[in-house]
Amino acid sequence: MNVKRDILWRVYVAFFAVALFGVMVVVYAVRIQFVEGEHWRKMAEELTTDYQTIEAVRGNIYAADGSLLATSVPIYELRMDFKAGGLSDEVFNVEVDSLAYHFAQMFKDKSQADYLREFKEARKKGSRYHLLKRKLSFSQVKEMRTWPILRRGQHKGGLIILEKDRRQKPFQLLAFRTIGYSQEGVAPVGLEGAYNTELAGVSGKRLMQKVAGGVWIPVNADNEIEPENGKDVYTTIDVNLQDVAENALYETLVKHDALNGCAILMEVETGHIKAIANLARKSEGVYGEEYNFAVGESEEPGSTIKLASLIALLEEGISLEDSVDVELGQTKFFDRTMKDSEPGHYQMLSLQQAFEKSSNVGISKLVYKQFKEQPQKFIDYFSQMGLDKPLNLQITGEGKPRIKNPKDNDWYGTTLPWMSIGYETQFTPLKILTLYNAIANQGRMVKPILVTEVRQTGKLVHKYETEDIAKSVCSKETLKKVRQALEGVVQNGTARNLKNDNYRIAGKTGTTQMARGGKYTKSFYKSSFAGYFPADNPKYACIVSINGASKGIYYGSAVAGPVFLEIANKVYASSLHMHKDISETAHTPEIATPRNFSGKLKDIRDVMNRLNIAHKVGEANEEIEWTTTARMERNMRLEQRKIIQNLVPNVSGMSLQDALFLLENRGLKVVVSGKGNVYRQSMNPGTAVYKGATIVIELR
Amino acid sequence: MYNWLLSKVKGDTVIWTIVVLLSVGGLLAVYSSTGSLAFKQQGGNTEFYLLKQLVFILLGFGFMWLCHLLDYRYYSRLSQLFLYLSYPLLLYTLLFGVEINDARRWIAIPGTGLTFQTSDLAKLALIMYVARFLSKRQENIKDFKGAFLPILISVSVICVLIAPANLSTALVIFSTCLLLMFIGRIPIKYILAVVAAGVVTFALAASLVFNMPDEKLENIARLRTWKARIENFMADNPETGGGNFQNVQAKIAIAGGGLTGKGPGNSTQRNFLPSPYADFIFAIILEEYGLMGGVALIFLYLLLLFRSIRIVIKSPKAFGALLAVGLSFSLVIQAFINMGVAVNIFPVTGLALPLVSMGGTSTIFTSLAFGIILSVSRTIEQEGGEVNESEVAHA
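From first to last, the protein sequence lines are chains G and R. Reminder that position 338 of the first sequence reads as 998 in the numbering used here, one-by-one numbering, no gaps. Reminder that position 322 of the second sequence reads as 396 in the numbering used here, one-by-one numbering, no gaps.
To be clear, the hints were calculated from the coordinates, so they are not data collected in a lab. Here the structure is a predicted model, which is why all the values come from computation and not from measurement. Even glycine gets a Cβ: it sits at the ideal position worked out from N, Cα and C. Incorrect hints may appear among the rest.
Claimed, not checked - From chain G, some residues computed to sit far from chain R (all C-beta separations above 12 Å):
| # | residue |
| --- | --- |
| 1 | R691 |
| 2 | Q693 |
| 3 | E737 |
| 4 | Q765 |
| 5 | S771 |
| 6 | D774 |
| 7 | G989 |
| 8 | L1009 |
| 9 | G1046 |
| 10 | A1233 |
| 11 | K1335 |
What the hints assert, rightly or not - Under 7 Å between C-beta atoms, here's a sample of chain R residues computed to sit facing chain G:
| # | residue |
| --- | --- |
| 12 | F256 |
| 13 | I257 |
| 14 | G330 |
| 15 | G414 |
Looking at chain G on its own, in the form it has when it is part of the complex (with noise of 0.2 Å):
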C-alpha cells in the first residue's frame, strides 16, 4: 500500500469521525429545542431580566437669595421579599412578632396583630414583593432600616427600598407658571421645561429580574450605571418681591373683579426679572396662575406705547413744548373718529402735555402729521427700538411681536395714527417693559434675565450674562425729554395717584380698548402702568397690566397703579442703597449676640463686620485660626481656641460644618443630634484621638 493512499483513508476516517460528532451536536440541539423545547421555554418566561431606567435626580430651581422654588424630594416605598434566601425560619419566627410591634407603634393605623398576621400570611404565601408602606420619609426609612428582620437588609432579611422623586415647589403659587413644570406628552412650560435637559440629568441603568408573579426586582444591590443628578438653575426671582407682587396683583385682581392680570419687576442695569407674577380668575374671587401673560400674550399695548411714539417725534426734532389741537378730545381720521378717554376738556396742548394727559388725539395728529408722507420711517423707530423682535428668552412660549408695515395688506390710512397709540400692533408685557428699562438704563435696552446660572452640584456650568439688544435706544437728547415727560406723567399727568414724599415714580398710563371676538367694546379693557423708580437714579423697572376688570373703574391709573406703587414701596423699603443718607442721629446698637459661639477666625469676623458688632481680638495676634467668643461689656472678645493635631478638639459652640471639618480629618466617626451649634460633645477636649473612635455631638 503506498503511503499517500494509506494517509488518505486514514483522514477520511478521521473525517468522518468527526463530521459523525457535528450530526451528534445537532442532534442534542434539536433534542434541546423540540423535545424538551417546551420545558426551557416556560422556565424563560420566568427568568426574565432587563436592563431598567433609574431616573437620576432632578436638579433643583433656586430664587436669587438661594431659597428653593423647585426640588426634588425622594419619597421612598418599602417592601419585602419573604422567601429571601438568607431569611431563616428561625430568625423569622423569633423576630416577626417585634417587628409587628414597630409598625404598629410608628404607623398607628393597624393593630400589633393585624400587622403579625400580614407577615406570617405574606410569609406563608411566599410573596416576594410584598408591599410594607408606601410615601416614606427619608428618616422614616432610616428608622425602619434599624429594625428587626429588615435590618439583616436584602438578601438576609428580604427588605427592598424602592426610591422614587416628588417635585415640590416650597413657595407653592409663587411664580408657578414661570417655574413651570415638564410632563411626559405635554409641551414644556417654564423653567422647568427650558431647562429640562439640564435639571433631569442623565438616568442610569438596573439590571432587574422578574420573578414568579410577575414581579421584578433588582439584580443587584448596585446600580449597573448610577444615574448623573440633574443641575440646578439659578434664577433672578426674588422671593419677597415675588411676594409682594403676588399679593399686590391678587388683591387688585378681586377688587376689580378682572379676568387676569400679571407684574413684571426688573433689574435696570442687568435685567434680571426679580419678580413675575400672572393670575387668572377660576372662579368668583379666586385667582390662580394658569398661564405666563407676562411673556406669552402679546396684545395691543395701548397708551404704554406712546413711549414709542413720543420718542420717535422727538428723534425728528419736535420739540416737547410744540402744541397741537386737541380739538376737545375728538377728531377723526378718514371715516373713523379718534376720541380721547376724557373728551371735553382741553383744546390746545403742548406735546409734553398730550402725553402726560395720555392724549390720544394729540398724540396720534402729530405722529399723523409726521409720519404720513412716509410711514415707513415710522416703523424703523419701532425696530431701532428694538421692538420688532421677539426677546428670545430663556423660557418658551414667548409672544411674537406684530407691527405693521406700508407693505402689507392690512395697512390702512388709519393705521399710523391708531398704531400711534397703541393699536393695530401687539407686544408682550414684558417686551413693552424692555422699552421702559431702555429709558430707565440710560437707553441702552438689555434682555430680560430669569436664569443667571446653572450649576452641576455647587459647581459652575453656565454663566448667563446681561445682553444687550439695542446700545442705544435714541439719541441722548432725546432720552432726557423722555424721561422728563414719563416723570411729568406722575407729577402733572394721568398717574398722580402714584407721587409719594420719599422717591419719584415716571412712568405711563394705558387704559385700551380690548377686542373681543373682534369688536371693541366700552365694557372691556386693559387697564396698565409701565414705568421705573426712583426717577432721578433708576434702579428698577415694572410693568403691571390688568385685563377686565369689570367694576366700572379700568383706567390704567386706577387700577394697575396702585399694583405698581406697593411693589415699589416695597422694593424702596427694602432696597438701603436707595435711601437718601439719613442723618447720623441713629446711634450704633448695644452689642447683643444671642450666646458666644466657635469657629474659624474669619468667618466670624466676616459675620461681626457685617452685623456691625463691635468686637476685638484676644492677644491682637493675626496667626489664629480657630476662634471663640465671649461677650464683654462693650465689644466681643475673639479668644484663640487651641486646636491641636492627635488630640480631640473643642468644638463646642461651632458649626456642624466646622466640627465635622475638625473631628472627621483627626479620623474619628462623627454620630450628630440635634440642630444648631454644637453643645456637647462625648470625649474630652485634649485627650489623645484613635483613629476610628466615635465621637458623639449634641447640637442645641
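Based on the hints, put chain R in the right spot on chain G.
For chain R alone, coordinates are given in the frame of chain G:
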C-alpha cells in the same frame, strides 16, 4: 475591489471565504453577547467589545496574510523553535502566570499591559511539530522506539505542563495529536494502548478525587473545579430540570431559538449565561440564529476540514499534508467540543469557538493556524498539481 483582494490573497479561496464568514458571524455574536459585560465594566459602552474584537480580527487577518505568504516548508524548522520556546513559557506560566478566574493560564507581556495564553502557542507549535516529526519518520513509522516513543514523549510533556491549569485543553491537544499520529500512519495498536492506559489512569485519578473530601483538595491545583464541573454535569438537579446553572441557562437559550432564531441582537439569555461571548457563544448563536444558524456554522467547519483533505490529495510532500490536516482537525475538534459543551454533551471546559468567541490570544493564534494552512494550499497551487507517489514517500 474584490478582484484586487483576490490578487493579493493566494491559496484556497474557499478557505479564505470560510475565515471571513466565521469572523463576521463571530463579531455579530460577540457584539450581541457582551451587553451585560459592557454594562458591568465599560459603563454601558456596548461598542467597546465589538471594536476590541474587530481590532483582534483585523490583526489576525494581517498575521494570516503574512503567514500564507511564507513557504510552508519554513514552518518545519519554526515548529521546532516554537516547541522549544513553549517548554520554558509553559513552566513560567504554571509558576508565575497571571491568575484569571482561579486558573493560571496567562502571562503578561512586559510593557504592553496585555496578557496572553501560553497554551495557545504551545498547541500550535506542537501540532506543527508532530506534523514535522511524522513526515520525517515516514520510512520507519512502524518503529516503536524510533518513531512512536519520541513523539509520544514530546506530546506528553507539553500536555503535562498545560494540564494543571487547563486540563480540558491538555486533553483536547493530546487527543488531536493521537488522531494526527493515526493519520500519520503510526500503528493503531500503539495508539489504542495509549488510549487504554489513559482511560485507566483517568478512572483511577477520578475515583481518588471523588472520594476525597473537599477540604483536602483545597491546595491541589484546580482539582476542586474539575470535580465540581463533572459533578455538575452528572447531577440531575430536579429543581432546575437537570444540569447546573450554566447548562440550564444554555438550554433555555437554545430552546428559545427554535428553527430560525430570535434574530440578531435579540438574545435574552445573554444576561444570565456566564461568559456568553466565549464558552457559551454557540448557545447564543442557536438562540439568535436558530438551528439553521447552528447547522450552517457546523457546515462551515466541516467544509474547512474537507478543503484540507483536498490539500492532502494535492500535496506533494507528507509534511504539507500533515501540517494542513493537523491544524484543520485541531481547530475543528476544538470548535465541536465548544459546541458540545453548549448542548451539554460535555462538562464545561473553557475552550473557545475558533474565530467566533471573543478573545485576543485565541483569535490571533487561530489566525496563525489558518495562515499556515493557506500557506500550504498556496505553495501547492503555485508549484502545480499532482505529484507522483514516490516523492511523497521520500519526503
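Results of checking the hints against the structure:
1. A Cβ of chain R approaches the Cβ of R691/G within 12 Å, the least distance being about 8 Å, so the stated non-interface status is violated.
2. The beta carbon of Q693/G sits about 5 Å from the closest Cβ of chain R, which is not more than 12 Å, so the claim that it is off the interface is violated.
3. E737/G, annotated as away from the interface, keeps every beta carbon of chain R farther than 12 Å; the closest lies near 25 Å.
4. For Q765/G, the condition that its CB be more than 12 Å from all CB atoms of chain R holds, with the nearest at approximately 40 Å.
5. At roughly 39 Å from the closest C-beta of chain R, the C-beta of S771/G stays outside 12 Å, upholding its exclusion from the interface.
6. With a minimum CB-CB distance of about 35 Å to chain R, D774/G clears the 12 Å threshold, and the non-interface call stands.
7. Look at G989/G: its CB is around 74 Å from the nearest CB on chain R, clear of 12 Å, so calling it non-interface holds up.
8. Look at L1009/G: its CB is around 74 Å from the nearest CB on chain R, clear of 12 Å, so calling it non-interface holds up.
9. Every CB of chain R lies more than 12 Å from the CB of G1046/G, the least distance being 47 Å, so the non-interface label holds.
10. No Cβ of chain R approaches the Cβ of A1233/G within 12 Å, the least distance being about 54 Å, so the stated non-interface status holds.
11. Interface exclusion of K1335/G from chain R stands, the closest Cβ pair being 39 Å apart, more than 12 Å.
12. Here the hint on F256/R is kept, as its CB sits about 6 Å from the closest CB of chain G, short of 7 Å.
13. This hint holds: I257/R has a C-beta 5 Å from the nearest C-beta of chain G, less than the 7 Å allowed.
14. Taking 7 Å as the C-beta cut-off, the interface hint given for G330/R holds, the closest approach to chain G being about 6 Å.
15. Annotation: G414/R was flagged as interfacial toward chain G, and the flag holds, the nearest CB pair being 6 Å apart, inside 7 Å.
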